[in-house]
Each structure stands twice: as C-alpha cells, then as structure tokens.
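Sequence order for the protein chains is E and D.
Residue numbering for the first sequence follows numbering that gives the first Met the number 0, starting at 0 and increasing by one per position.
Residue numbering for the second sequence follows numbering that gives the first Met the number 0, starting at 0 and increasing by one per position.
Calculated directly from the structure, the hints in this document are not laboratory data.
For each residue, glycine too, the CB sits at the ideal point set by N, CA and C.
Heads up, some of the hints might be wrong.
Partial chain E-side listing against chain D, Cβ under 7 Å, derived [unchecked claim]: (1) 30; (2) 70; (3) 71.
Footprint (simulated), chain D over chain E, 3 or more residues, beta carbon under 8 Å [claimed, not checked]: (4) 125 to 132; (5) 215 to 227; (6) 253 to 266.
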Amino acid sequence: MLNSSKFIKWLVLPMLWLPHWAAASGADNWEVNGFATQGFFYSDHNNIYGQSEDGSLDFRELAVNGVWQPTDDLFFAGQLMSRRAGEAQDGSPQVDYALLDYRFAENIDGRAGIRVGRIKNPFGFYNETRDVAFTRPSILLAQAVYFDNARDLLLSSDGVSFYGARYMEHGWLDMDLLFGKPNTETTVEYAYLSQDWPGEFNDSNGFMWRTVYNTSDQRWRLGFTMGRFNLEYNADEAALAALPLLTQMVAPQDGHIDIDAYLLSAQYNLEHWSFTAELSRQKVNWGTLDGIFATDPENRFESGYLQAEYRISPHWTLMARYEELYLDIEDRDGRQAEATLGKPAHTQFAKDLILGVGWQPDPQWLFRAEWHKVRGTAWLPEQDNPDQNALRKNWNLFALQATYRF
Amino acid sequence: MKFLRVPFLLSIILLSSVHVHAGGVVVNTGVSEISVSRQFLLSAFAMRTKRWPDGTPIQVFVLPDENPHHIRFVKSSLHIFPYQLRNIWDRAVFSGSGQSPHIVQSEEEMLERIRTVKGAVGYTSKELEGEQGVKQLKVY
Numbered sequence: 000m001l002n003s004s005k006f007i008k009w010l011v012l013p014m015l016w017l018p019h020w021a022a023a024s025g026a027d028n029w030e031v032n033g034f035a036t037q038g039f040f041y042s043d044h045n046n047i048y049g050q051s052e053d054g055s056l057d058f059r060e061l062a063v064n065g066v067w068q069p070t071d072d073l074f075f076a077g078q079l080m081s082r083r084a085g086e087a088q089d090g091s092p093q094v095d096y097a098l099l100d101y102r103f104a105e106n107i108d109g110r111a112g113i114r115v116g117r118i119k120n121p122f123g124f125y126n127e128t129r130d131v132a133f134t135r136p137s138i139l140l141a142q143a144v145y146f147d148n149a150r151d152l153l154l155s156s157d158g159v160s161f162y163g164a165r166y167m168e169h170g171w172l173d174m175d176l177l178f179g180k181p182n183t184e185t186t187v188e189y190a191y192l193s194q195d196w197p198g199e200f201n202d203s204n205g206f207m208w209r210t211v212y213n214t215s216d217q218r219w220r221l222g223f224t225m226g227r228f229n230l231e232y233n234a235d236e237a238a239l240a241a242l243p244l245l246t247q248m249v250a251p252q253d254g255h256i257d258i259d260a261y262l263l264s265a266q267y268n269l270e271h272w273s274f275t276a277e278l279s280r281q282k283v284n285w286g287t288l289d290g291i292f293a294t295d296p297e298n299r300f301e302s303g304y305l306q307a308e309y310r311i312s313p314h315w316t317l318m319a320r321y322e323e324l325y326l327d328i329e330d331r332d333g334r335q336a337e338a339t340l341g342k343p344a345h346t347q348f349a350k351d352l353i354l355g356v357g358w359q360p361d362p363q364w365l366f367r368a369e370w371h372k373v374r375g376t377a378w379l380p381e382q383d384n385p386d387q388n389a390l391r392k393n394w395n396l397f398a399l400q401a402t403y404r405f
Numbered sequence: 000m001k002f003l004r005v006p007f008l009l010s011i012i013l014l015s016s017v018h019v020h021a022g023g024v025v026v027n028t029g030v031s032e033i034s035v036s037r038q039f040l041l042s043a044f045a046m047r048t049k050r051w052p053d054g055t056p057i058q059v060f061v062l063p064d065e066n067p068h069h070i071r072f073v074k075s076s077l078h079i080f081p082y083q084l085r086n087i088w089d090r091a092v093f094s095g096s097g098q099s100p101h102i103v104q105s106e107e108e109m110l111e112r113i114r115t116v117k118g119a120v121g122y123t124s125k126e127l128e129g130e131q132g133v134k135q136l137k138v139y
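Could you build the full structure based on these sequences and the hints that come with them?
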C-alpha cells in the first residue's frame, strides 16, 4: 500500500536518482536526513499503540528525506516514512511528502512561491512535522488537537500550495494556502464513522490556509489556521447487503462528510521557557450519509491545550501540558450519546494532564519519558480497543521514547 | 573618589561590549553588501532568504549548536536563542520546505569555507586583520 498516485510517482522516481546526479556534478546543493524512533507504552487501562495494558513496543517511526536544489529558485523535496502504531498502522512505507518548490519572488521585503506534489497540511504549529520526535515537545503531541485517529486526513494533501512571507519592521508574516486531495485512508473512517465500513472515501478535496506572525526575536508566534475538507463516501453495496439487517440500517450510504476546521495558535518563547496554547474547533456535517454516528447530523468538536516547556540546560527539558477534547459541544459530558447511541459517555470527551522529561545527550539522540493522567477516552484508537464498553473512563499512560537522527 | 566610580563602571561595560562584538559576521569578499539589517541577517541564518540583495545565492555556515561561539553569535547578533534557530531549521528540513545550513567544526574551517564559497556567510570571534578573501559585514 505504497499510497502513491501516478502524479506522485513521477515526482518520487527522479528523486531516488538525486544524490547520483548531484554527486556527479560535484555540487553541494543536496542533503539527506532521517530519523528512527522507538516507543514504549504502558497503560493501567485501555490500549494505545498495541496492547499497552501489557506494555507495548509496537510503535516505530522511520523516515529518510532528501532535498535537491538544482537552481536557486527551484528545489525538490521528498520523504519516505514507515510508521508502525499498534493496530492502526502497519509500518508499510508511505510517501510522506514529495514536492517541487518554485520560488518566483524574493527580495528584502518578502518572498513568494508555489509547491506542487504531496504537501504536508499547514495545520497549526506541529502538524507538518508531527512524526518527527525532535520537533515535538513530547512523545505524544496534544491528542486533543492533533489526534492520531484523524492523522491521515490532517497529514498531507496531493495538490498545489502557495506560500508567501512578508518581512516587517518588528517581525515577519508567513502565509500558506493549500488546495488538494487529502489522504483518506481507513483511519479516517475510524475517526469520523467509528469503524471501517464496506465502502471508501473517494474524490475528496479541500483547502487549508494558515497565517503565522513571528516577532523578530521569535518571542511571539501567533497563528490562525482554517480549512475545509469535503470527503465523498462511496458505499460498497454488495458488501453491505451481506451484513446483518440491523447493521445495514446504521451503515453509511453514498454521500459526503464536510469538515470545517479552525485553529488558533499562540506561543511565547524565553531563553528557558516556552508556553504554547492552541484552540481548535471543527464542524463536521455528515447529514447526507444516512448512517448513525453522532447524536446530530452536524457536530461541533472543540479542543485545546496549554503547554509549558522548561529547558534546564541544552540537554534536559521538562514539559507539562493540560488538554481537553469534546466531540460534541452540545453534549460535553457524553450523556446524550450514551442514551441515543449506546456508547459509553466517556467516549465523547478526554481531559489529559501530562508531565514529561526529555534528555538529549548529544545532537543526534533524544530520549523522553512522560506520564498521562487521563479522564475520558475520546482520542483512543478504536483499532486497539475494539470493545468500547470495555474502556475505562479514568486511566494512566506511561511512555518512553528513543530517537536517533542523521 | 566616589564620583570616579560611575565613569569607571561605564568604561568597563563599554569595553566588555566591545569585546563581545570583536569579530562578528563574515562573508566572502564576492558579496557586494557592506552592511545588512539584523532582520535580513536572521532571515539568512534561518535559511528563509536565499539570495543577497544583488542576487547572489546565500551559503550559510555555522558551528555546531553547542559551540560557545555559535551560542554567543546567535544571541548577540541574531537576538534569538540557539534552540529557536534549531527549531526553524528542523521544521523546514522535515516538512520539505527548506534546507539546513552547512555545519563546520572549527572557526578555522569556517573562515576557510567562507573564503572559497561564493556568497558564503558565517561568523568569527576573532579580528579579521590580515585574512584574505573574507570581509566583515556590518549589521544595523
């Protein structure tokens, strides 16, 4: 399942030859980087990334990326990635991004360019590098905002993006506008349709726009993201007909889901401290699907977090975060979902307090440990927890992670 | 003698700041600029601006993150902290939106590379007197 359209193949194949060309030309205009991450998860109840109740090593991230800049205005970039995450992801290699970047304007006031290919979605502060341990503040990114269940949808799009920066007296403004076809693998069905149904999302499209203001001293970073995805769902009628009648009645039919996402991001940086907050709202409309996945044909998600990082030294970092997620702001305690859908109320929200420590003995290695005290199960992967009624509302998660980069 | 104390302290402060600014931003003599704004310098070291105002491609050279000269340069000349620069590079490299700078292991290697690479920029903690092929860039 090397998920690549023809379009992507044309971009990726030449890239495999990049180092040869570049080496032959003797130019120093290409580079290759990569990383390997191994995680360990232990939970007292509920599973994440494998059978974490027994202790799970079933979490691995491997990636190699390359950049080649044949001329000053043009560059190619691509990353191949393998991610093993419990039952949700099997580690088969995927083209994480593969793009051509042409910068058509650059002067002392700013720059502007265009990217074509598979492009990381510009969502908030962390999405584009969500799988890169060195760019994360913790082992798990704030699941309330960057929940792994919907990662495929958030991860990347095949399309075109425009970027621009404007340099001002006290800072600079960055803008990204992406149009494309989002990635809609099975995990998206779990996130928005509760399970993998007979049928699939086709012909999806969307846009995402992000603007971030940075002060020159990088003390403040303030961002706003908005996006819209229209996911076309095609039911597999033959397979549906084979299901029990009751299941057929709740199964999704042909139709579409519309998702509107908004995210506010703010960060304040000092020499030793960084404070980050992000607040997200999503409106999900699945009225045309006819199935039963939510208490209303239109739901509003709300989530956010507050995070503090303290750098004791270049080698040691402490982190604390508090986050909340509500799958339906009209039903924050989940009682309505429990009454009408028969799901445990705690599957509709999650509140998580995290304490973590990071150790970087040298620039290539990073080790982290963290503890989560969680109330609610809204962001737990259903693939690792097939029986929702067996989930416990209050649970703890302990995680360890080692990363090597090159 | 109390009245002497303030000028004495002031001259100490001035001298120590002169000491911090000995050396500074160094470029290949092919770079036509004499001075650049701090904003431009940060943008170049952040690998965001890729060309000098005259159009020559910029080649950035830095010492490793933990090198004391690197830490001092980033704080005093770019007015940010080294971890912020590292975050900017990592975000660009791992999202396919940019490259990282060339890393050299010593100040001598830095000067040698700047001398030989067109459009090169780096920094030094030493005086440049007698050095050929490199020049100091003023920052305003």
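So, going through the hints one by one against the coordinates:
no., hint, result
1, 30, "6 Å, holds"
2, 70, "9 Å, violated"
3, 71, "5 Å, holds"
4, 125 to 132, "holds (count 3)"
5, 215 to 227, "holds (count 3)"
6, 253 to 266, "violated (count 0)"
In this structure, the hints that do not hold are numbers 2, 6, in rising order.
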